[in-house]
Amino acid sequence: MATNVSKAQTDAPPQRPWFGVVVLAWLIPGGGHFLLKRPGRGALLLGSVALMFLLGLMMRGAMFQPQTGDVLTTIIYCGGFLGDLASGLLYLLTIWLGYAQPDMAGHVHDYGTKFLVAAGLLNVLAMVDAYEIAVKEKD
Amino acid sequence: MPKMNLSHFEAAVLFAFFSSVVLGVITKRTDSERLRYGVRCFVYFVVALIGLGWLMKLGHG
Chain C
65 MATNVSKAQT DAPPQRPWFG VVVLAWLIPG GGHFLLKRPG RGALLLGSVA
115 LMFLLGLMMR GAMFQPQTGD VLTTIIYCGG FLGDLASGLL YLLTIWLGYA
165 QPDMAGHVHD YGTKFLVAAG LLNVLAMVDA YEIAVKEKD
Chain G
3 MPKMNLSHFE AAVLFAFFSS VVLGVITKRT DSERLRYGVR CFVYFVVALI
53 GLGWLMKLGH G
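Which chain is which? The protein sequence lines are C and G, in order. Quick note, the working numbering runs 64 ahead of the 1-based positions in the first sequence. Quick note, the working numbering runs 2 ahead of the 1-based positions in the second sequence.
The shape of chain C in the complex, shown without the other chains (with noise of 0.2 Å):
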């Protein structure tokens, strides 16, 4: 009876089985297409990505902190927190690094701040992408 309760436990399926693979494509964009046997399309995430937030640190692009204030404010400097944030270990490594680019005038700069935020929405698209295919709503 034991035997057959451990050897059930053990050949149950993992309660949230898209919770590492959605981890993963946070952390490592593409990652989790990666992990779900699919790298053709995990290479061109993980290219895109990885492309667009070079770019933008090439642009030197600001990243967001976190500001409340009034209502834009808050969208703006909280939602563009998120969206770095987004990115993952680029954007960890990137401040772990000591990049603090100061938001500065020019349409470079102004450029490069808004590859960096959409290098994350892109890969929160990817992430998505990856939980739908984990949770085999999609091929």
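A hint or two may mislead.
[To be verified] Partner residues aside, some chain C positions facing chain G, computed with beta carbon under 7 Å:
#1 M116
#2 V172
#3 L186
#4 D203
[Said to hold, decoys possible] Computed beta-carbon distance windows for the label pairs:
#5 G/K59 to C/L161: 34 to 44 Å
#6 G/K59 to C/A169: 14 to 24 Å
#7 G/K59 to C/I139: 22 to 32 Å
#8 C/Y141 to G/P4: 23 to 33 Å
If you're looking for bench data, these hints aren't it; they were derived computationally from the structure. Predicted model only: the values in this text are computed from it and were never measured. Note that CB positions come from ideal geometry on N, CA and C, so glycine has one too.
Starting from the structure of chain C, add chain G where the hints point.
Quick look at chain G alone, frame taken from chain C:
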């Protein structure tokens, strides 16, 4: 890290390209559909970019 200087157009086209790749990869179910959707998104981005550019130029007089 080298500093990069791009024009508005170059930066916007790069943005459109990478966004289109991701939208194509995550949206459709077969590779040919993904390719077509990605190309279509890129074309829409560029058309909107040029259209809005002209609109702003004409608006400024």
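Hints versus structure:
About 5 Å separates the beta-carbon of C/M116 from the nearest beta-carbon of chain G, less than 7 Å, and the hint is met. Because the beta carbon of C/V172 sits about 6 Å from the nearest beta carbon in chain G, less than 7 Å, this interface hint is met. Because the beta carbon of C/L186 sits about 4 Å from the nearest beta carbon in chain G, less than 7 Å, this interface hint is met. At a threshold of 7 Å, the smallest CB-CB gap from C/D203 to chain G is about 6 Å, leaving the interface hint in force.
Range check, G/K59 to C/L161: Cβ separation about 41 Å, and the 34 to 44 Å hint holds. Look at G/K59 against C/A169: about 22 Å separates their beta carbons, and that is inside 14 to 24 Å. Judged by the Cβ atoms, the range 22 to 32 Å given for G/K59 and C/I139 holds: they are separated by roughly 30 Å. Remark: the range hint 23 to 33 Å for C/Y141 to G/P4 is upheld by a beta-carbon distance near 28 Å.
Checked against the numbered hints given earlier, the structure satisfies every one of them.
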